[in-house]
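Between the sequences and the hints, there should be enough to build the whole structure, so can you do that?
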Amino acid sequence: MIALLAVGAVTLGTLGLGTWGMRFARTTSDLLVASRAVSTWWNAAAISGEYLSAASFLGIAGLEMQAGVSALWQALGFTAGYLALLLFVAAPLRRFGSYTIPDFAEARLRSPGLRLLAAAIVIVIGCFYLVPQLKGAGLALNVVIGAPYWVGVVVVGLLVAVGVALGGMRGITYVQAFQFWVKVFAISLPAILLLLHFGGLPARAALFGSQFPHAGSRGLVVRLGGRQRVTFPEAGSFSFDGRVVHVAAGHHAVLPGRVRVRIPPGGVVPVASGIVAERGRVWSRSVGGSGSSSPLLVYSLLIATFLGTMGLPHILVRFYTNPDGHHARHTTVRVLGLLSLFYMFPAVYGALGRVLAPQLYITGQTDDVVLALPRIAWPGTPGTVLTAITCAGAFAAFLSTSSGLLVSLAGTLSHDVWPRFRRELPARAAVRRLHLRVAALLAVVLPAGLALVARGLDISILVGWAFAIAASTFCPMFLLGIWWTRLTAAGAAAGMLLGMLAATALIFTGLALGEPTGGAGALLTQPAVVSVPIAFLVMIAVSLRQPAPVDVADQMLALHAPEGLGLRLADEELEPAPI
Amino acid sequence: MPRVEVLIGVVIGWAIAASILAALRLLRPPRVISGEVGAVQTAVHAATLMLPHLRRGLSAETAGKAVGHLRTLTGASAVGLGDRAHVLAFEGLGADHHHAGDELIPITAPPREDRLHVESQIRCERPDCPLGAAVAAPLLVSGELVGSLVALYSRGRPVTPDDTRTVAEAASLVSAQLELKALEEQQERLARAELRALRAQISPHFIYNALAAIAGYIHSNPEEARELLTEFAEFTRYAFRGQRPYVTLADELHYVEKYLRLERARFGDRLQVRLQVAPEVLPVVVPVLSLQPLVENAVRHGVERNGKGRIEIVGRHIDADVELIVSDNGVGMDPARAQDALAGKGGGVGIANVHARLQSAFGPAYGLEIESAPDQGTTVTMILPKFRAGVRAA
Numbered sequence: 001m002i003a004l005l006a007v008g009a010v011t012l013g014t015l016g017l018g019t020w021g022m023r024f025a026r027t028t029s030d031l032l033v034a035s036r037a038v039s040t041w042w043n044a045a046a047i048s049g050e051y052l053s054a055a056s057f058l059g060i061a062g063l064e065m066q067a068g069v070s071a072l073w074q075a076l077g078f079t080a081g082y083l084a085l086l087l088f089v090a091a092p093l094r095r096f097g098s099y100t101i102p103d104f105a106e107a108r109l110r111s112p113g114l115r116l117l118a119a120a121i122v123i124v125i126g127c128f129y130l131v132p133q134l135k136g137a138g139l140a141l142n143v144v145i146g147a148p149y150w151v152g153v154v155v156v157g158l159l160v161a162v163g164v165a166l167g168g169m170r171g172i173t174y175v176q177a178f179q180f181w182v183k184v185f186a187i188s189l190p191a192i193l194l195l196l197h198f199g200g201l202p203a204r205a206a207l208f209g210s211q212f213p214h215a216g217s218r219g220l221v222v223r224l225g226g227r228q229r230v231t232f233p234e235a236g237s238f239s240f241d242g243r244v245v246h247v248a249a250g251h252h253a254v255l256p257g258r259v260r261v262r263i264p265p266g267g268v269v270p271v272a273s274g275i276v277a278e279r280g281r282v283w284s285r286s287v288g289g290s291g292s293s294s295p296l297l298v299y300s301l302l303i304a305t306f307l308g309t310m311g312l313p314h315i316l317v318r319f320y321t322n323p324d325g326h327h328a329r330h331t332t333v334r335v336l337g338l339l340s341l342f343y344m345f346p347a348v349y350g351a352l353g354r355v356l357a358p359q360l361y362i363t364g365q366t367d368d369v370v371l372a373l374p375r376i377a378w379p380g381t382p383g384t385v386l387t388a389i390t391c392a393g394a395f396a397a398f399l400s401t402s403s404g405l406l407v408s409l410a411g412t413l414s415h416d417v418w419p420r421f422r423r424e425l426p427a428r429a430a431v432r433r434l435h436l437r438v439a440a441l442l443a444v445v446l447p448a449g450l451a452l453v454a455r456g457l458d459i460s461i462l463v464g465w466a467f468a469i470a471a472s473t474f475c476p477m478f479l480l481g482i483w484w485t486r487l488t489a490a491g492a493a494a495g496m497l498l499g500m501l502a503a504t505a506l507i508f509t510g511l512a513l514g515e516p517t518g519g520a521g522a523l524l525t526q527p528a529v530v531s532v533p534i535a536f537l538v539m540i541a542v543s544l545r546q547p548a549p550v551d552v553a554d555q556m557l558a559l560h561a562p563e564g565l566g567l568r569l570a571d572e573e574l575e576p577a578p579i
Numbered sequence: 580m581p582r583v584e585v586l587i588g589v590v591i592g593w594a595i596a597a598s599i600l601a602a603l604r605l606l607r608p609p610r611v612i613s614g615e616v617g618a619v620q621t622a623v624h625a626a627t628l629m630l631p632h633l634r635r636g637l638s639a640e641t642a643g644k645a646v647g648h649l650r651t652l653t654g655a656s657a658v659g660l661g662d663r664a665h666v667l668a669f670e671g672l673g674a675d676h677h678h679a680g681d682e683l684i685p686i687t688a689p690p691r692e693d694r695l696h697v698e699s700q701i702r703c704e705r706p707d708c709p710l711g712a713a714v715a716a717p718l719l720v721s722g723e724l725v726g727s728l729v730a731l732y733s734r735g736r737p738v739t740p741d742d743t744r745t746v747a748e749a750a751s752l753v754s755a756q757l758e759l760k761a762l763e764e765q766q767e768r769l770a771r772a773e774l775r776a777l778r779a780q781i782s783p784h785f786i787y788n789a790l791a792a793i794a795g796y797i798h799s800n801p802e803e804a805r806e807l808l809t810e811f812a813e814f815t816r817y818a819f820r821g822q823r824p825y826v827t828l829a830d831e832l833h834y835v836e837k838y839l840r841l842e843r844a845r846f847g848d849r850l851q852v853r854l855q856v857a858p859e860v861l862p863v864v865v866p867v868l869s870l871q872p873l874v875e876n877a878v879r880h881g882v883e884r885n886g887k888g889r890i891e892i893v894g895r896h897i898d899a900d901v902e903l904i905v906s907d908n909g910v911g912m913d914p915a916r917a918q919d920a921l922a923g924k925g926g927g928v929g930i931a932n933v934h935a936r937l938q939s940a941f942g943p944a945y946g947l948e949i950e951s952a953p954d955q956g957t958t959v960t961m962i963l964p965k966f967r968a969g970v971r972a973a
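Order-wise, the sequence lines are chains A and B. Residue numbers for the first sequence follow our numbering, beginning at 1 and rising by one. Residue numbers for the second sequence follow our numbering, beginning at 580 and rising by one.
The hints are simulated quantities; they were obtained by calculation from the structure and are not laboratory data. Source: prediction; values computed, not measured. Just so you know, not all the hints are guaranteed correct.
Covered stretches of chain B, going by a simulated chain A footprint (3 or more residues, C-beta under 8 Å) [to be verified]:
1. 859-868
2. 894-902
Partial pick of chain B residues on the chain A-facing surface, computed with a CB cut under 7 Å [as the list claims (entries may be wrong)]:
3. Ser598
4. Glu640
5. Phe966
Cβ-to-Cβ under 8 Å is the rule here; a few derived chain A residues that face chain B [as the list claims (entries may be wrong)]:
6. Val38
7. Thr321
8. Arg428
9. Leu450
10. Val550
Idealized CB from N, CA, C, for every residue including glycine.
This is the structure in structure tokens:
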């Protein structure tokens, strides 16, 4: 109940700030415009707020619990992506002035066709990224009030769509900045209390030794919603209804649903199919060996996140709020700091979850660990209150990221796709606003449908794909478009298409084959290490085979000349070129 | 569970494949049907492909893009486009030794202004030149020779009356495009001249009133008077500073605030102003002096007549567009008169000029909307895109 109240408060706070926050009017006499511009700190908090999604709030801890500390590479990559953005993209892009990625593609390469292609990729990335947010929402509501999975998906999907359609994200910078601090508070407070409560990370054998996750000194009692097929990594036993079942190492068993199943004290905890139980030594290894910590997978993940961040459609539009390139760069530096602050905490939940919440291995829903841990640590009211806080944080994560994504999707549909069929934007603002609203409602349908069937996929894996596609399409277009004069529209189009095809083909092959392992498995779950070079090479090769594009010089000047030099002075008095 | 994943995989894969196919189909030029209809279609297609290039004027770049289509259109073996002295682009037979930058004369003598020039054998230094007859047609803009279109035929092929007619038609098509371009430039020049007029016009009325108001403060509040004079100086500098067709909304608002400060010196508390601009729209690029005339109008028609009033300036974003609203609670006007003001028919150049400049910079989907009724006040809404290629604040 408290959790529901907290979630409601965050939701109302968000919609309220978005709708009424801007109403605090100011008269001209008290403030000048300059002081009304958004400061770099606000901007950085807003960007971080929009960026920290369900994958960061729930997914990293869940993946860490399942696959080991190698999952923390993801947090590193999510942050390091801003380093790439800072070094190569932020300032030039802001100077260029483009608002969306399709804007940049069309203007830099002077090709309306490329705009349509970029819009299509924005839609693909947006859908891939929206699915895990909705999935997270379904899980969270399930944990909090026991509602069926689909309720959360539908409720949050509707809430976000209606919010965007009503223009609720109008004061978006302040809303997102508010959400960022909600998330930091919600993840850090329980984490710090947990560490104090347990006196630092307990040096248990399950974390570092040769043991598999095991039940605590008082045994483990779970009550499953339905029958669950599990594997015992070593010989163990479970009991229900007074019967005791012994299972040999590596053997399957079926746990019955709706009754209390008991694992004896110190007994090994079985794991749901799809999860590989790791010994503590393997679990705590950051890189090396095979499986989730294989070097190939780690590098591929780092490439995807390092290069993919700049291609996320909902992040880039936030940089528009910076007054100039200089401020864009300063904002990015602050984003790096703020994200580093946040990502200190999810690791705590993953590590403690392995020791304190082994029942999540049985159900396979390790994504729940952030929500479930406070209640396991403090079974009474304090636990409920802290769970409410983490729930509120998780909801802030779904709401902010999915609103941002949905705005991007709806904008792309109404601004890039629709006029393509009608040749021209509708002239009246009222009609245009209506289009945006309809587009927002339409754009949520497909991701919500996919989220309903994608329950079995990990949040972090889904988000990883969005990053892989962004890294194999928009990243090469940005890097080459900003830093290479020879890039042509056809080259960019070919590179983006092939990059996306390579990435999606590998991902879907992996899905079709089930759970592949070994080197090929790494490529199939995280294809960036293959698809990104493909995209770059195709772009360069196709561009070089074409004649060099003309008048790139003023584009480069617009991208790279610092403001205030007067180099881009469009000369008003210049006579038109002679006919 | 894996079976569900396969299902999702298939669905998404299918969706992606379908969208790629759709994109490819959209990008592919329409197929050409053979026969008589096909020939007409080819010609029309070539013409429509060529026209947008030449709409941008006659230069080596646009000529290079158009010349291939002109060859398809005329059916000649080679086609050259030239300005008054040189070849700008050449395509077809003999392109190995005739190319852009050559003087026109070796291909054919420059045509006279009013007629087609037919040569049965061009003068070429290369004895193995495969080209024979040539038809040169003048390109005219308002009766003035600006270039020529030359169609060349392979050696031994006689020039038929059909050929000359086709070349003449093609040349007039090209001329029409160039004429349109010239017209557009003339309009732009006109808009620029109007902007200059608008700047010079910073109404004497306002200057007089502002100075009178400042004079009123000199004894009672010299500090305030000094500040107001500084504001006035900065205001005039912004208004008269040339060379900047576009500025950021933050700059323009800054200027509007100075303007309002001066007006408030005169009206005092009888002028109420509410400014509510989302910080996210401040970096948007607007034509210089686009918001200020709207505010000045609101002061003049909304406040001055009644001696008091309220002005509201609201800026917010509709996704990739920005909406700026200036409203007053003054006497208002007939909806018909409001439309006239937008079209520039009802006296004052201000609103119509802003509208025209917005449309020429951002296209017909952007500009001003006026809503007004007698005694209901007036609301002017300006809609602009957050980004338009080539439109940047200086």
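| message | Please list, smallest to largest, the hint numbers that this structure does not respect. | response | none
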